[in-house]
Structures are given as structure tokens and as C-alpha cells.
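Those sequence lines, one after another, are chains A and B. Here full-length UniProt numbering is used: the first sequence runs in plain steps of one and ends on residue 340. Here full-length UniProt numbering is used: the second sequence runs in plain steps of one and ends on residue 340.
Some clues are possibly wrong.
Said to hold, decoys possible - Partial selection, computed: residues in chain B whose CB lies under 8 Å from chain A:
| id | residue |
| --- | --- |
| 1 | G98 |
| 2 | C157 |
| 3 | V230 |
| 4 | K277 |
Worth flagging that the hints you see were computed from the coordinates, not collected in a lab. Virtual Cβ for every residue (Gly too), placed ideally from N, Cα, C.
Protein chains: 2
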Amino acid sequence: MRATTIHAPGDIRVSEVPDPTITAPTDAIVKVTAGCICGSDLWPYRGENPITEGDTIGHECVGVVEEVGSEVHSFKPGDFVVVPFCHSDNTCAHCLHGAHSVCTNLGMTVSGQAEYALVTQAEGSLVKLDEMPDASMIPSLLALSDVMPTGWHAAVCAGVPEGGTVVVVGDGAVGLCGVLAASVMGAEKVIVMSRHEPRQRIATAFGATHVVAARGREGAAEVKEITDGVGADAVLECVGTDAAMGTAFAVARPGSMVGFVGVPHGVQLPVQKMFQKNVGLRGGMAPVRRYLPELLDLVTSGSIEPGLVFDSTLPLDQVADGYRAMDERRAIKVMLDLQG
Amino acid sequence: MRATTIHAPGDIRVSEVPDPTITAPTDAIVKVTAGCICGSDLWPYRGENPITEGDTIGHECVGVVEEVGSEVHSFKPGDFVVVPFCHSDNTCAHCLHGAHSVCTNLGMTVSGQAEYALVTQAEGSLVKLDEMPDASMIPSLLALSDVMPTGWHAAVCAGVPEGGTVVVVGDGAVGLCGVLAASVMGAEKVIVMSRHEPRQRIATAFGATHVVAARGREGAAEVKEITDGVGADAVLECVGTDAAMGTAFAVARPGSMVGFVGVPHGVQLPVQKMFQKNVGLRGGMAPVRRYLPELLDLVTSGSIEPGLVFDSTLPLDQVADGYRAMDERRAIKVMLDLQG
Numbered sequence: 001m002r003a004t005t006i007h008a009p010g011d012i013r014v015s016e017v018p019d020p021t022i023t024a025p026t027d028a029i030v031k032v033t034a035g036c037i038c039g040s041d042l043w044p045y046r047g048e049n050p051i052t053e054g055d056t057i058g059h060e061c062v063g064v065v066e067e068v069g070s071e072v073h074s075f076k077p078g079d080f081v082v083v084p085f086c087h088s089d090n091t092c093a094h095c096l097h098g099a100h101s102v103c104t105n106l107g108m109t110v111s112g113q114a115e116y117a118l119v120t121q122a123e124g125s126l127v128k129l130d131e132m133p134d135a136s137m138i139p140s141l142l143a144l145s146d147v148m149p150t151g152w153h154a155a156v157c158a159g160v161p162e163g164g165t166v167v168v169v170g171d172g173a174v175g176l177c178g179v180l181a182a183s184v185m186g187a188e189k190v191i192v193m194s195r196h197e198p199r200q201r202i203a204t205a206f207g208a209t210h211v212v213a214a215r216g217r218e219g220a221a222e223v224k225e226i227t228d229g230v231g232a233d234a235v236l237e238c239v240g241t242d243a244a245m246g247t248a249f250a251v252a253r254p255g256s257m258v259g260f261v262g263v264p265h266g267v268q269l270p271v272q273k274m275f276q277k278n279v280g281l282r283g284g285m286a287p288v289r290r291y292l293p294e295l296l297d298l299v300t301s302g303s304i305e306p307g308l309v310f311d312s313t314l315p316l317d318q319v320a321d322g323y324r325a326m327d328e329r330r331a332i333k334v335m336l337d338l339q340g
Numbered sequence: 001m002r003a004t005t006i007h008a009p010g011d012i013r014v015s016e017v018p019d020p021t022i023t024a025p026t027d028a029i030v031k032v033t034a035g036c037i038c039g040s041d042l043w044p045y046r047g048e049n050p051i052t053e054g055d056t057i058g059h060e061c062v063g064v065v066e067e068v069g070s071e072v073h074s075f076k077p078g079d080f081v082v083v084p085f086c087h088s089d090n091t092c093a094h095c096l097h098g099a100h101s102v103c104t105n106l107g108m109t110v111s112g113q114a115e116y117a118l119v120t121q122a123e124g125s126l127v128k129l130d131e132m133p134d135a136s137m138i139p140s141l142l143a144l145s146d147v148m149p150t151g152w153h154a155a156v157c158a159g160v161p162e163g164g165t166v167v168v169v170g171d172g173a174v175g176l177c178g179v180l181a182a183s184v185m186g187a188e189k190v191i192v193m194s195r196h197e198p199r200q201r202i203a204t205a206f207g208a209t210h211v212v213a214a215r216g217r218e219g220a221a222e223v224k225e226i227t228d229g230v231g232a233d234a235v236l237e238c239v240g241t242d243a244a245m246g247t248a249f250a251v252a253r254p255g256s257m258v259g260f261v262g263v264p265h266g267v268q269l270p271v272q273k274m275f276q277k278n279v280g281l282r283g284g285m286a287p288v289r290r291y292l293p294e295l296l297d298l299v300t301s302g303s304i305e306p307g308l309v310f311d312s313t314l315p316l317d318q319v320a321d322g323y324r325a326m327d328e329r330r331a332i333k334v335m336l337d338l339q340g
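So here's chain A without its partners, still in its complex pose (with noise of 0.2 Å):
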């Protein structure tokens, strides 16, 4: 099959490689109908985390299910799936608890770049569609492969409170999703941090009702002002770096969550002002299984609309070009195109 592969930073190529095959019975595969770009592929894209020269790359992706395994009872070919980009089965204790990104056979989409993506817990991380979706909604879909539960676990994390006021640090893919998601939680004052024209738009397309451009302590100082002093009900870190952090806990108020989603890159996290300020911290990789059911249907009644985060929709034949735009900034989040 054509798959997206990663051979040097910098160096994206689409390449012929072998099909998925299926292995295990828990196992599925997906014909991917569209894939896309994470913030996360550019950490290689950049060289800041070790590539595996050839190896493919992209965890996002939804498509029709092409062939299951024998345990695999509650899919068959032909359905219309979200894959969502970490597997799990659903039954162990982790995921039971709600944790299904800590999933004792969890799994990783490694070719939602692609013509085909296997998926190894298929049965505990598919959800289907009744019919096949109109093309309209097919970015929306996308977006529940990740995007949309991982900004969606920051504003969970971060307990955003009905009525309250929340700060989104970042305005990645990722945080204007957490944007979008204060804002069906209820969130009265959504502050989005972002000084790039484009993505404010989206922001307040997703219900924020302030834009703060400033950074650091400038940043932190317009928002304690927009808050009357008092700072944040619930922070969302969306980013990973220690400035962004560092801003969270500013901007958090006393006896406050930070949820953060972020892959940490280089933060130190202040433990001695998260204890003067009693402002706690939680996150990590977004159980997507868990919150699907609900995005789900949000998206299929049409009350939210996390597609709108892809500006770009290319061809794969096109994903380098995709890869540079988002790493120059140019595009918020590339859509890829399998169809076409």
C-alpha cells in the first residue's frame, strides 16, 4: 500500500510499503477514508524525538472496516469506523476505571497516514457509524480519532466548572478543540491564549469569549484582569513546553486544576508553586474509547463541529507539503484525503 514514512527529520515521503495484515484475532483492518497531521508527528518532524528511518507514521485516521479477526464480533466490512489513534480493549480494570489510554493491551494506529491502518483492540476501540456519513461530516469524524477527545480529556482533567471560567494555553488543534469543549461543559468565560489571527477566528467560532495575544507574565497579568483579580477556575495546557506550563500555573487560580494533554517536552513542573497555590495537575494521553460515545453524538447531531480545526486538505501524494505548512505554521491542522 501507499503509506506516509518518516526517514529523517524534515524528510517525509510516501512510500509503497507491505498491507496490514491481520495476526490477532482481536486485530481489525481499516481502508482509511481520510487521515491527518498531529501536532505530535512534528516532535520527529523536528528531531526532537528519534526516528526509525522508513518507518510509517500517523495515528489518526477514520475508514470502512476491510477485514477482522475472529473476535472481532461486533464489526464487519463495510462499516464506517472511528479509529481512535491509541487501542484498547475496553475490559481490563484501566479501562474499566476509564483509563483506556493505560490499557494493559493497549495499542497505537501506526499508519493513519495511509492506505490501511490496523487496529489491534478492535472490538474495545471501534465505534461504528449507522450509515455511511455524508462527505460533509468526514472532517468532524476525523477530528473524534484524537483532536477532539484530547482537548475534550484537558477540559475534563481540568474539572471545568458549569458557569466558571476557563484558560486554554494554546491554540493548536488541540486547544481549540479544549476551547470547544469548555464550552459544551458549560463554561461561562472561555480565554483562549493565541495571537494568530486565523486561530482565534476558530476559537471564537468554538465559543471563546476572549482572546489574550500577550504571552508570559504579559499574558498571565491581561487574563488575572479579565478574572478580577482572582485567576482561572480551570486551566487546559495544550501545548507541553515548560513556558506553557509555567503560564497555566500563572493564570490558575488558588485551589485549581491544570489539565494538561500536552506531550511533556522539557517541563519542570513548579512543585513548590503548585503547593503555595494548591493548584493540582492532571492529564496525559487522552482515553479516547471513554469520551467517543458522547463526541459521537455530538457530532452526528451536529452540536459541535471540531472538523472546522482542518484549514488544508491535501492528497497524500501531497503529505510533505502538509507537514511543512504545519511546522511553518502556515496551516493549523492538514487533512489528508484518501479518496481522491
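Following the hints, put chain B in place on chain A, whose structure we already have.
Just chain B, lined up with the frame of chain A:
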């Protein structure tokens, strides 16, 4: 008045110092009935916190109101009161949100091991008893000044679930009160990590169902065994060292919370592990006043007896012996009887 003073590491004395006086309308003076030595007093005693020579020391006490400022209306001379170690106005945005230990008018008791203590936000901080308590109840009332609300705060921050499994890291007086808190909150299994037989006895009296004497990896392995390989639903870190924090994250199940109340000394939070396991952290100085009404009811009704943490009572003159006994772990917690 006679007061405990610290002059250098290991140098605790009883000195004659000026009586505290009312200087603000929100002040009150309390004649101390009983004070005590806190585990955190051992940090300067051991030279691990800076010392100003001759400063009074001690932040936990109960006693009788001696004099009040003009804005103190709910208390009058003769009232028996519990004095929270941190004073809060109970009216600012942080207090109204339950974060009394980050009150905008925060104060601290600084002469709790002395004849008189100044309370800077008396109206918002003190709680009084309807009548003079029986001498037998003094230890448990004194425990409400700091140690019991601190253990309680750890349990609240960790989100102890009814019927769940809780691990308490630390068998000091705070850890023991954490055991009691978890038990009152309905935990089914309460595992205390303790290698000291007298502390294990109190832990058991407070509701511990399991004692793990091993530390580090070995201790964590024992907890894993008790929890069927899953880990604890909630973990209370009641020490403040890096080793204790490491143990806390090692025994916490994915998706759970660690509540921390030990003032951090040399703690480096394992942010990658927190992310990978989806284990959160929340805590800090206890918002004592927030919990006092509930805890006072539990004590006066005889439902809990946190005063059992005091295994030694000394007159003020022998306070230096009390510090030595606690430093050498010969005593769990020393009460100072100011009436003798």
C-alpha cells in the same frame, strides 16, 4: 510571656518574650491551653530551613480567647477555640472557593508553643466550642489545629472514593490522620506504608486494613499485590520527600490522583510518568477553616479521636525534649500542656 524559641539548628529554648498585642481590629489573642510540635517544625530544627535566631516557633494550638479586636464579633474573652495554623478571612474570593490557605489576608500562628498566640483573622479563622471541653478531649481538639485537617486535605485532594482502595505514604502524625480521613470517607482498603510498630498500631486504630513495611520498589510491589496488580484508587503523600513522592506515583493506579500535603523538600515531579499513567497531583497547605465545622462535629460527637497521634505530653519547660524525641522518632507527636 514564656515562649518556645529557636536559636540555631537543634537549639530550642523557652524564653521570656513580649506578649502579643492587638494591633489590627481583626486580631485576637488566645491564651494557649495546649500546643504541639509539628513535623514541619523539624525542618528548621534540622537546619534544612532558614532560622532567624530567637524567633518564636509553633503554629498549632487550642485555648481560651483573652482579648479581641473591634471587628471580631463572634468571639469573646472566655470562649474556648480551635486556632487554625493558617488564618484566613473566610470572605475573600479564595476562601469562598475553599482555598482558605491562599487567603488574600493569610496569616499564621507563630507562637503556638507559648502562653499566648496572636490570631490575625480571628473572625474568619477561629471556631469555638459551646462550653469548655473536658480535658480528655483536648488532644483531639488540638489535632484540629493542623494535623487532622492536613491529613483530611490529602484525602480530599486524592479524591478518596467510597469503597475504594487508598494508600497512605508516610506514618507520621499527618499520615496517620490521612488514614483516619480515608477511613471516615468510606475507603474499603486503607494501606499504610509504615515500618514502625507503634505507628502501625495507631494506623490500625484509625482504620488501616493493611500495613506495608517495605519501602521503594519492594513496597510498591507489595501494594500492587494487595490491589490485584491494579494500584490504588487514591494515594495520600504525607511526607514531602522525593522518595515518598516516587512511591506515591508508583502505587497509584492509572487515572487516579495523588493528594500531597508534606511541604516539598527536594521533590522533582515525574512529569513523564504522570502523563503516561494519567496520574494527577493535587494538594498544598490545608485550608483548615474549610474543614473545621465538619471535623469539629466528628470530634465532639466522639466519631473520631485524632488526638491518639499524641504519644507524649510535656510541660512547656520541657519542649526541647519534645523536639529531640520527635527528631529521633522516639515520639510520633508531642503535646505541650500549658496548664500545668
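Quick rundown of the hints versus the structure:
no., hint, verdict
1, G98, "6 Å, holds"
2, C157, "7 Å, holds"
3, V230, "5 Å, holds"
4, K277, "6 Å, holds"
Hint compliance for this structure: no hint is broken.
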